[in-house]
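Colleague: For the protein sequence lines, the chains are A and B, in the order given.
For the record, in the first sequence the residue sitting at position 176 is 176 according to the numbering used here, with numbers rising by one throughout.
For the record, in the second sequence the residue sitting at position 238 is 238 according to the numbering used here, with numbers rising by one throughout.
Derived by calculation from the structure, the hints in this document are not laboratory data.
Treat the hints loosely; a few may be bogus.
[To be verified] The calculated DSBU-like cross-link candidates involving lysine-lysine, where the alpha carbons are at most 35 Å apart (straight line), are:
1. A/Lys34 x A/Lys126
2. B/Lys34 x B/Lys209
3. A/Lys34 x B/Lys209
4. A/Lys34 x A/Lys209
5. A/Lys126 x B/Lys126
6. B/Lys126 x B/Lys34
2 protein chains.
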Amino acid sequence: MGNPTAAMLVIGDEILSGRTRDANMHHLAQELTKHGIDLKEVRIVSDDAPAIVAAVRALSAGYTHVFTSGGIGPTHDDITADCIAEAFGQSIDIRADARALLEAHYARTGLELNAARLRMARIPEKATLIENPVSVAPGFTVGNVHVMAGVPSVFQAMVASVLPGLTGGAPLLSQSLRIMRGEGDIAETLGQLARDFADLSIGCYPFQKDGAYGANVVVRGSDGARVDAAITRLAAELGL
Amino acid sequence: MGNPTAAMLVIGDEILSGRTRDANMHHLAQELTKHGIDLKEVRIVSDDAPAIVAAVRALSAGYTHVFTSGGIGPTHDDITADCIAEAFGQSIDIRADARALLEAHYARTGLELNAARLRMARIPEKATLIENPVSVAPGFTVGNVHVMAGVPSVFQAMVASVLPGLTGGAPLLSQSLRIMRGEGDIAETLGQLARDFADLSIGCYPFQKDGAYGANVVVRGSDGARVDAAITRLAAELGL
Numbered sequence: 001m002g003n004p005t006a007a008m009l010v011i012g013d014e015i016l017s018g019r020t021r022d023a024n025m026h027h028l029a030q031e032l033t034k035h036g037i038d039l040k041e042v043r044i045v046s047d048d049a050p051a052i053v054a055a056v057r058a059l060s061a062g063y064t065h066v067f068t069s070g071g072i073g074p075t076h077d078d079i080t081a082d083c084i085a086e087a088f089g090q091s092i093d094i095r096a097d098a099r100a101l102l103e104a105h106y107a108r109t110g111l112e113l114n115a116a117r118l119r120m121a122r123i124p125e126k127a128t129l130i131e132n133p134v135s136v137a138p139g140f141t142v143g144n145v146h147v148m149a150g151v152p153s154v155f156q157a158m159v160a161s162v163l164p165g166l167t168g169g170a171p172l173l174s175q176s177l178r179i180m181r182g183e184g185d186i187a188e189t190l191g192q193l194a195r196d197f198a199d200l201s202i203g204c205y206p207f208q209k210d211g212a213y214g215a216n217v218v219v220r221g222s223d224g225a226r227v228d229a230a231i232t233r234l235a236a237e238l239g240l
Numbered sequence: 001m002g003n004p005t006a007a008m009l010v011i012g013d014e015i016l017s018g019r020t021r022d023a024n025m026h027h028l029a030q031e032l033t034k035h036g037i038d039l040k041e042v043r044i045v046s047d048d049a050p051a052i053v054a055a056v057r058a059l060s061a062g063y064t065h066v067f068t069s070g071g072i073g074p075t076h077d078d079i080t081a082d083c084i085a086e087a088f089g090q091s092i093d094i095r096a097d098a099r100a101l102l103e104a105h106y107a108r109t110g111l112e113l114n115a116a117r118l119r120m121a122r123i124p125e126k127a128t129l130i131e132n133p134v135s136v137a138p139g140f141t142v143g144n145v146h147v148m149a150g151v152p153s154v155f156q157a158m159v160a161s162v163l164p165g166l167t168g169g170a171p172l173l174s175q176s177l178r179i180m181r182g183e184g185d186i187a188e189t190l191g192q193l194a195r196d197f198a199d200l201s202i203g204c205y206p207f208q209k210d211g212a213y214g215a216n217v218v219v220r221g222s223d224g225a226r227v228d229a230a231i232t233r234l235a236a237e238l239g240l
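Isolated chain A, as found in the complex (with noise of 0.2 Å):
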């Protein structure tokens, strides 16, 4: 649809043993489905440098743009920023710029601006900023990625704080048809109707409820007509 794309890439071990659900990726998937850019792959990655680094050099070479979550707080396993200055060969170290918010926002609040804080304004040579007016301490974007926290409140604000700038495309529509048949008995239905509006998204999701089969069709495209168009054939030749 010629949309611009994007790849989300979650850093952190607490989803990958099971510990935590991550939160993240389905809000930015709602946000970015809103402003036109389509999501097309996620990635979640452990506290693991080289992991970190070869994903991000993958995705960014891949999507118009990056989203990553995590790994940007003040404690050891904090490592997101070094990677992401490792991947796009820029120096780090604390800058003056994220150093005068942490200054700013601790000498408020009356709490130590310690070392362990002062990581927090590691950013590389050349990234931008990305407002955080929930804990104040930035992200920031380099060239195609860019970097946000993984605690979700921050994490919200700091996409709220990105896309405005981004250029969007056309916002993807969806409607849906709840229908109380197995897959089985409206695939071929749903073929035809996928080959005759090629230029639609149409996804079958089957479920089983009280021991009875059933299916949500979602239909996705960016002209609502056309959307419009192909649930109607679909209720009318099922019946509905």
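Guided by the hints, dock chain B onto chain A, whose structure is given.
Modeller: Same frame as chain A, but now just chain B:
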């Protein structure tokens, strides 16, 4: 830690568009952790054959085991089986063993085994079938790739069929400490702990609640006495 490694590949547009949240990743992560297999990477790709084939090849080469979810149903967007065959250079067609399973099932239920449903018997030539006690249509294993359904109840049943046959390592044990201080206040203590317990993984996951900062520190390892020792020392050093 010498445990076998694993990657997961989630196939399907519905998560990338923000329509649904993935439920299978969290389940697999927990089951693998119990079984002593280290989940190192997750990728989510759309219903796009080149993207699926490339991801299968990369993950199969990089990890001991690969688990896929999604795309093995009867509809036009179910292209996983063909992509797996392509990734491994195997032919694929309706296979007699899988067809027999479906014939018996549909004979019992009185539903028609039509052309769409027969697609679920398309299995790569050298694959081993994975039992599906929920809805019969099998998953399959090719090489080190275990191909499973996306419907959570079926996915979970297939994981339960596959895991007992895989060699696991020492299960990963974890303990956590909830600390009502900012990450920046405990970062130095944690960094020293991580250096002194280099055989363990020590993660710090910050949160904000009612305006206060806190962090969950999670210590993971396969030696329970070492995990105990690290948590005990951390609590003592923080005066908890």
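Colleague: Against each hint, give a clear statement of whether it holds in the structure.
Modeller: Hints, one by one, checked against the model:
1. A/Lys34 x A/Lys126: holds, 30 Å
2. B/Lys34 x B/Lys209: holds, 30 Å
3. A/Lys34 x B/Lys209: Answer holds: A/Lys34 to B/Lys209 is near 29 Å, not above 35 Å.
4. A/Lys34 x A/Lys209: holds, 30 Å
5. A/Lys126 x B/Lys126: This hinted pair is violated, its Cα atoms lying about 51 Å apart.
6. B/Lys126 x B/Lys34: Holds, at about 29 Å.
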